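*Asks:* The lines below spell out each chain.
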Amino acid sequence: MGKLGQYARSVSIIGVGCTRFNNNLAEPERRYLGEGEMFGYAALAAMEDAGIEPRDVDYFYHGAANPFQHSDCINPALGVAEWFGMRGKGAIHHSEACCTPYVALELAVQAVASGAHDVVLTGGIELSNGVGLPGKPACFRREFSFEEMLPGIDRIYDRSYTRAFDGGIGVIFDDWINEYAESHGMSDDEVDRTLNALAYHCRRAAKLNPRGFYDVDFDDLAAQNDMKDGMEYLSSALNPKVTHHLRSTGFETKADGAAALIVCPTDMAKQFKHAPIEVLGTGACTLDVMNPHNERRATHEAARQVYELTGVSPSDLDIFYANDFLIPSHMCAAEEVGYLPKGEGWKLVIEGQTAFDGDYPINTNGGRCHFGHAHGASGLADMFECVHQMRGTAGKTQVKKQPKTAMIRGFGGSQNVRCTILRTVE
Amino acid sequence: MTIMQIEAISKKFYDGLEEGRIYARRCLECGVIEFPPHYACNTCGYHATEWVELSGKGEITSFVLHGIMNARPYLDDVSRKYAFGAVKLDEGVEFNTVIFGISKKNEQELKERIRAGKRVGVRPCITQRDGFKTLYFELDE
Chain S
1 MGKLGQYARS VSIIGVGCTR FNNNLAEPER RYLGEGEMFG YAALAAMEDA
51 GIEPRDVDYF YHGAANPFQH SDCINPALGV AEWFGMRGKG AIHHSEACCT
101 PYVALELAVQ AVASGAHDVV LTGGIELSNG VGLPGKPACF RREFSFEEML
151 PGIDRIYDRS YTRAFDGGIG VIFDDWINEY AESHGMSDDE VDRTLNALAY
201 HCRRAAKLNP RGFYDVDFDD LAAQNDMKDG MEYLSSALNP KVTHHLRSTG
251 FETKADGAAA LIVCPTDMAK QFKHAPIEVL GTGACTLDVM NPHNERRATH
301 EAARQVYELT GVSPSDLDIF YANDFLIPSH MCAAEEVGYL PKGEGWKLVI
351 EGQTAFDGDY PINTNGGRCH FGHAHGASGL ADMFECVHQM RGTAGKTQVK
401 KQPKTAMIRG FGGSQNVRCT ILRTVE
Chain P
1001 MTIMQIEAIS KKFYDGLEEG RIYARRCLEC GVIEFPPHYA CNTCGYHATE
1051 WVELSGKGEI TSFVLHGIMN ARPYLDDVSR KYAFGAVKLD EGVEFNTVIF
1101 GISKKNEQEL KERIRAGKRV GVRPCITQRD GFKTLYFELD E
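Residue numbers (the working numbering), protein chains in the order written: chain S, 1 to 426; chain P, 1001 to 1141.
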């Protein structure tokens, strides 16, 4: 399969920015925020974090998973550039569904590594809870429910065959956890307890995160419903099963959000405010969902590439992030890349060891189901969180041992997978 | 490499289903079947393939039942229980599709057979969708 070469020069992250992930239309003070304000905020926050001004940035990438539907726009990079002082500079818009933010990092790093540019901003946005209104300015939006979104998910899949064979949406929700359970002899009850434990601990993290979607956790909801604790709530009819294995808390929480980061050559990075976080490499695999077990296979291949390039081994990883809009990905991807011991992941999840305060921290912001999923921005929100964890500035969810080496596993769009390794420059 | 002929590959595939035939492509270099049919070979990476016809016989390698979130409304109209899963044809190709005849009733029995390495055979069930026929499968027995 694929083989990676070394970058022509080392590249590091020097600044990160992220909005809250929420439902703008439900909050009077945020309901009129358009794409310019949201992307612009994230971009300027990343510049402030790096200690630079818009004039210092040479080029930018704009990512959105579905701008045609959510933003009534075909070339959204043009519409945001002037909000953060980059009128007339070079820009590219790109769109790879939920893998968009991971490709965003890959593209920006390649631009700097090649020598084409020195300081590059890369950002992502999705205002997933609304849609732009044709003929009206960007501050006017209407609500867009999960039920309205669901039929459109088919548009992610290949048109020639995958949609016609129903090889996509039916399979993908449960495929990996189903295969995992079969491989490790788990009962349906054990699968249920594992997925509920994932939801429980992800929500705990999201509640503590000032940018997270939720301000209540499942213990709070249990108390409101006269139940013993959050796990009782999660296994109750208030959290119904919606596929064979997944309950409603195992699906993404659709959110409005934007996030951005800034990269430059590592040699230059040392002059800025924070210790640089070097991007060691990105493995990539694109495998259509009609191919059985594509998420596992693509994750395996992308991880293999980046381990081979960097010489990093799974035991070197201190923290792991997985795009988990289907919550089993949190655990299954971590096991596939070797961050969790094979076959032991589900037991560690039930023990809470993959929570932010456990020994194998994963998705310390709560992940897609509980931090929230703004499709074109979410992976960059994970990078924002990861960089803060590596700096030791993650606040109430700071992990026990400050991480030096991290892997971020991107996934989306039927399916594109990226595995990127980050390391703090000493 | 010569300039190949541009051909409406997927149209020929769907036309074949109308006649009860399942068309695939075979690599001119490694001989592996490419299915569903495309121009090039995704096994060895050679550029050229040719048409062949498949038997449609195969077995299930994995499956999962659906819930309300991933049910397909147009399959409810067919009035048969179904699951989503991976089918491996006798010619070697494996892909995700719909399999009729699986329900909670026989789920455990079928899973045990697959776990034990026993064949759970399937045959094609060419099904009418809105304006075209597609290829699903059904249990042999």
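Keep in mind that the hints were calculated from the coordinates and are not lab data. The structure presented is a predicted model; accordingly, all values stated were derived computationally and were not measured. Yeah, the Cβ is synthetic: ideal placement off N, Cα and C, and Gly gets one too. Hints may be right or wrong, so weigh each one.
[Said to hold, decoys possible] Looking from chain S toward chain P, a few residues come up when the C-beta cut is under 8 angstroms (computed):
#1 ASP56
#2 ASP58
#3 GLY167
#4 ILE169
#5 VAL171
#6 LYS241
#7 PHE272
*Asks:* Evaluate each hint against the coordinates.
*Replies:* Evaluated hints:
no.: 1; hint: ASP56; in the structure: violated, 44 angstroms
no.: 2; hint: ASP58; in the structure: violated, 37 angstroms
no.: 3; hint: GLY167; in the structure: holds, 4 angstroms
no.: 4; hint: ILE169; in the structure: holds, 6 angstroms
no.: 5; hint: VAL171; in the structure: holds, 4 angstroms
no.: 6; hint: LYS241; in the structure: holds, 6 angstroms
no.: 7; hint: PHE272; in the structure: violated, 43 angstroms
Violated hints, in rising order: 1, 2, 7; the structure is consistent with all others.
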